[in-house]
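K.L.:
Sequence:
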Amino acid sequence: MNDSSPPTDSIPAADSQPSANPSEQQIADELNRAEWMRHPPQVLAPRESLGSTSFLCLLAVQFLTVLNDNTFKWMAVAIAKPVLGATMALSLGMALFTIPFILLATPAGYLADRFSKARVIRVCKLAEIVIMLLGFAAILSHQMEMLMAVIFLTGAMAALFSPSKSGS
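Take the sequence shown: its position 143, counted from the start at 1, is 140 in this note's numbering, and no numbers get skipped.
Just so you know, these hints were derived from the structure itself, not from any lab. This structure is a prediction, so every number in the text was calculated from the model and none was measured. The reader is advised that the hints may include incorrect statements.
[Unchecked claim] Listed next, with one range per pair, are the computed distances between beta-carbon atoms:
| id | residue 1 | residue 2 | range |
| --- | --- | --- | --- |
| 1 | Trp71 | Leu100 | 18 to 24 angstroms |
| 2 | Pro19 | Ile96 | 20 to 26 angstroms |
| 3 | Phe60 | Leu100 | 44 to 50 angstroms |
| 4 | Val63 | Ala115 | 18 to 24 angstroms |
| 5 | Leu100 | Cys54 | 38 to 44 angstroms |
[Unchecked claim] List of simulated lysine-lysine pairs, DSSO-like, C-alpha gap at most 27 angstroms:
| id | residue 1 | residue 2 |
| --- | --- | --- |
| 6 | Lys162 | Lys78 |
| 7 | Lys114 | Lys78 |
| 8 | Lys162 | Lys122 |
| 9 | Lys162 | Lys70 |
| 10 | Lys70 | Lys114 |
Beta carbons are placed, not taken as given, at the ideal position from N, Cα and C, and that holds for glycine.
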């Protein structure tokens, strides 16, 4: 006889009955489940959530961010065009704005998970104000290097902001 199944005495018997003394964690889980059933979380209807103040504020912040980033980027490219040439100015502007998304994707996701999304958004917007003031100074002083650095910083802020605005 060549039986490959293990002997029955080596297989532990499965507990078919729950433990007579439930652990504190099991009791806490049951109490939480019972509490949730008595008071289920409030879920807004789609129409109500679209009109909520927090959603409208987020929508306004997203709109103003996109407007600000693109306006500054295209203005910087237009200013750099006579100095660098049209192709070089456009290529450099696009690369400097895009590279931070590649470099900062992981840290941005970590920040959005680790900290309050509202806090990350506020810090990003405050940093963006400082960056735009630097950009304004670069435009007034006609410093191409500073202008390109500001485009890079604008891309960095957009990359850090992106997971927080999209997260739940």
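K.L.:
That 20 to 26 angstroms hint for Pro19 and Ile96 (C-beta), does it hold up?
P.N.:
The hinted range 20 to 26 angstroms is violated for Pro19 and Ile96, with Cβ atoms some 55 angstroms apart.
K.L.:
Taking the Cβ atom of Trp71 and the Cβ atom of Leu100, is their distance within the range 18 to 24 angstroms?
P.N.:
holds (23 angstroms)
K.L.:
Between Lys70 and Lys114, does the CA-CA distance stay at or below 27 angstroms?
P.N.:
Judged against 27 angstroms, a Cα distance of about 26 angstroms means the pair holds.
K.L.:
For the pair Leu100 and Cys54, does the Cβ-Cβ distance stay inside 38 to 44 angstroms?
P.N.:
Since Leu100 and Cys54 have Cβ atoms about 29 angstroms apart, the given range 38 to 44 angstroms is violated.
K.L.:
For a C-alpha distance cap of 27 angstroms, please report whether Lys114 and Lys78 respect it.
P.N.:
Roughly 38 angstroms separates the two Cα atoms, so the pair is violated.
K.L.:
So does Val63 sit 18 to 24 angstroms from Ala115, Cβ to Cβ?
P.N.:
Taking Cβ atoms as reference, Val63 and Ala115 lie about 19 angstroms apart, which means the hint holds.
K.L.:
For the pair we were handed, Lys162 and Lys78, check the Cα-Cα distance against 27 angstroms.
P.N.:
violated (33 angstroms)
K.L.:
Is it true that the CA of Lys162 sits at most 27 angstroms from the CA of Lys122?
P.N.:
holds (12 angstroms)
K.L.:
Has the hinted range 44 to 50 angstroms been met by the Cβ atoms of Phe60 and Leu100?
P.N.:
violated (26 angstroms)
K.L.:
Below or equal to 27 angstroms on CA atoms is what counts here, so check Lys162 against Lys70.
P.N.:
holds (21 angstroms)
Checked against the numbered hints listed earlier, the structure breaks hints 2, 3, 5, 6, 7; every other hint is satisfied.
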